[in-house]
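Use these hints to put chain C onto chain X, whose structure you have.
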Amino acid sequence: MKQRIRKLLSLQWILTVGLTLGISPSAFTQDRADATTATAATLEPLILSAIECSGNTNTDCEILRREVHLQVGHPVDEEELENARIRLQLMGLFRSVSMSLKKGAERGQVIVNIDVVEGSPWFSETSIEAHSKNRIALSYKLGHRNLFGTGKILQGSFYPSSVLDRIDGTYNLYLEYIDPHLFGSQNYFMKTQLSGYFDNRDKAENYVSTRKYGSFGFEFGRRIFDFSHVAIGATVSESEIIRRDELTDPFEETRYTSSNYSFNYGWDSQDDPYFATEGSTFDANLYQYKERYGRGDFLSKQNFSLDAKNSLALYFNGSYDSTVGLSGGSALEWNHQFRRGLSDASITSSKLFLKPAVSQSAHNELRSARLELGAVFDTKSFGIIKLSAYSGMNL
Amino acid sequence: MTVLLLWPFSVAAIQFHSYVQGPYVDVVVSDIELPMDQLNKDLGSGLTTVIVAHLTVIKKQTVHTKNQQEVRIRFDLWDEVYNVDQAPPITASAPATANRKFKLKEEVLKIIGTYRFNQILRTSDFGNGEDIRVTFSMIVDPISKDKKQKIKRWLAQNRVGASSSSTATGDSTPAAADPLGSGTKNRSLFGQILDSEFSSDITTGQWVFTSPVTALSPPVSNVGGANEK
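These protein sequence lines are chains X and C, in that order.
Quick note on my numbering: the first sequence kicks off at 359 and runs consecutively.
Quick note on my numbering: the second sequence kicks off at 15 and runs consecutively.
Keep in mind that a hint or two might mislead.
Restricting the straight-line Cα-Cα distance to at most 27 Å, the calculated cross-link-like pairs of lysine-lysine (DSSO-like) are [said to hold, decoys possible]: (1) C:Lys-115 with X:Lys-461; (2) X:Lys-460 with C:Lys-124; (3) X:Lys-491 with X:Lys-738; (4) C:Lys-162 with X:Lys-510; (5) X:Lys-510 with X:Lys-738; (6) X:Lys-738 with C:Lys-119; (7) C:Lys-73 with C:Lys-119; (8) C:Lys-80 with X:Lys-460; (9) X:Lys-744 with X:Lys-510; (10) C:Lys-117 with C:Lys-80; (11) C:Lys-162 with C:Lys-73; (12) C:Lys-166 with X:Lys-744; (13) C:Lys-166 with X:Lys-461; (14) C:Lys-117 with X:Lys-461; (15) X:Lys-744 with X:Lys-491; (16) X:Lys-491 with X:Lys-460; (17) X:Lys-510 with C:Lys-164; (18) X:Lys-738 with C:Lys-117; (19) C:Lys-166 with X:Lys-510; (20) X:Lys-460 with C:Lys-115; (21) C:Lys-162 with C:Lys-80; (22) C:Lys-73 with X:Lys-460; (23) C:Lys-55 with C:Lys-164; (24) C:Lys-161 with C:Lys-74; (25) C:Lys-55 with C:Lys-115; (26) C:Lys-74 with C:Lys-124.
What the hints contain is simulated information worked out from the structure, not anything from laboratory work.
Note that this is a predicted model, so its numbers are computed, not measured.
Only chain X is shown next, with the shape it has when bound in the complex (with noise of 0.2 Å):
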């Protein structure tokens, strides 16, 4: 237990004392290619005089050069060639990346050419999620992943749970803009979100009861380390619960307005946000909440959410595996993963899971349960689905 905790304190002065200074310890930092590799390629020594882009009609050229980390005028370094056409491959912009290389101006020099074939930038998630109780929510993401040819994401997710379920009239409308390199650096990201709220639920033949909710936040973060990253956000909202009670009390409207500011803390080893196969995700977030009714005085109060999610993955003849996990501190995750079976026809990846979940109310004695069943495909045409059906209860 000690040595845990001395652990954790050392964790903490490294990061105080690296986000403090601005640095990470190299030791943790990116590996750079520092290999010259000996090969066939060392029968004279190639020198770099300019990259070129082909193949890239929406994307800018500039966005492929950063990621290859070579200086013109310095000798080719192949492996950091080979480094750069991963890196490109998994921005998820482009089908296929390859580099060659053309005769320079003079003997020895050459242009390395980036080849590219650009995927769609369109990316899509329908999920339906079907309750016990005979309710059936439906939400809808689009996006599009590669904005200006600079890679920056604008996405979109409407959840008009109203559509499917007639109970339910709630609608709710997000829309965020996400810049993953933010001024085209590998370690500050920063997204802004929209979001739109309104609920008219609660409908009888002499009484009404609507929700109308409006926000606008930010976050500037920055990665650190291996797979962690901090943010600091701010939220504005504004609010607006208009009650009529044709019986009792005729009209009654409230407006509030409220502010958050947070600090946040994670890390995302998880090969794969759909799909993972192994790794672990930790998300801490720190806030200050103030809310104001009417004209009322700003009340404040502070609130601490920890999100911690485990994988352990198991494989089972290299065809399907089964990944067991912790999420939120209550809810046991059970994935059962196939890759292969399906990965030629139209469905690219399926997983099916279970997740049994038990929760406790930190407001009150309230202990529920809660069990949920579903698959995720990732199809060709479609983008990711997701189909599950849940079942809860009191305890």
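What follows is chain C alone, placed relative to chain X:
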């Protein structure tokens, strides 16, 4: 009629032959179906193409020997010749790494489509009708385990922190599931890496081929197998 229709689509299967060399047996692997689309692009790129070939011999249902050959090819843009390094060399008398130059790509393809593994077995290993099986694998531009760790870090660099500020506002709607948008495209390379079952330092590559385990016929006297100088 059926045979006639199927014939043009049949693919030549990989061939294993064994030859006696004194008290030893050499194994020649030929008719490997190469990834021509990739090689056509790679071989003329001016960059080094690395090919690693493994031969595993299985005797009494256990691995008897493992052998590896490595071929490195780079096209000289000015002299317009292919420089080919091969290690270990095909013949015992050759230097540690054999370097050859070829004018034609077809000659290079012939080199990388056939491998001779010297002195893999003793002739006595075939005594008493011993069941000897072989499997061959070939990797173009291998990626090491060390590189796999780097790839994980590079993947993380494209992620965006997943703070869900909606929690503080009391909003019950789910947060965006994927902070990056979609990791779908990232998976292809990772899928290859994770699917790999190689136990050596090399985990995968741009192209990986593994043959089925095949029974090796008893050796015949040497007829000058492929790749020999």
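Given the proposed pairing of Lys-166 (chain C) with Lys-510 (chain X), does the C-alpha separation stay at or below 27 Å? Cα-Cα ~21 Å, so holds.
Do the alpha carbons of Lys-73 (chain C) and Lys-460 (chain X) lie within 27 Å of each other, as the hint requires? The given pair, whose Cα atoms are some 49 Å apart, is violated under the 27 Å limit.
Is Lys-162 (chain C) close enough to Lys-73 (chain C), meaning Cα to Cα at most 27 Å? 32 Å, violated
Within a Cα-Cα threshold of 27 Å, do Lys-491 (chain X) and Lys-460 (chain X) meet the stated pairing? 65 Å, violated
Hint consistency between Lys-162 (chain C) and Lys-510 (chain X) [alpha-carbon to alpha-carbon, up to 27 Å]: 26 Å, holds
If you draw a straight line from the CA of Lys-738 (chain X) to the CA of Lys-117 (chain C), is it 27 Å or shorter? Given pair Lys-738 (chain X), Lys-117 (chain C) is violated - Cα atoms ~43 Å apart, limit 27 Å.
Compare the distance between the alpha carbons of Lys-166 (chain C) and Lys-744 (chain X) with 27 Å, and conclude whether the hinted pair is satisfied. 25 Å, holds
Lys-80 (chain C) and Lys-460 (chain X): Cα distance at most 27 Å? 39 Å, violated
Quickly compare the C-alpha distance for Lys-510 (chain X) and Lys-738 (chain X) to 27 Å and report which way the hint goes. 22 Å, holds
For the pair we were handed, Lys-55 (chain C) and Lys-164 (chain C), check the Cα-Cα distance against 27 Å. 25 Å, holds
Satisfaction of hint between Lys-80 (chain C) and Lys-162 (chain C), Cα-Cα up to 27 Å: 24 Å, holds
Can you confirm whether the C-alpha distance between Lys-738 (chain X) and Lys-119 (chain C) stays at or below 27 Å? Violated, at about 36 Å.
Consistency with the previously given hints fails for numbers 3, 6, 7, 8, 10, 11, 13, 16, 18, 22, 24, 26, ordered from lowest to highest.
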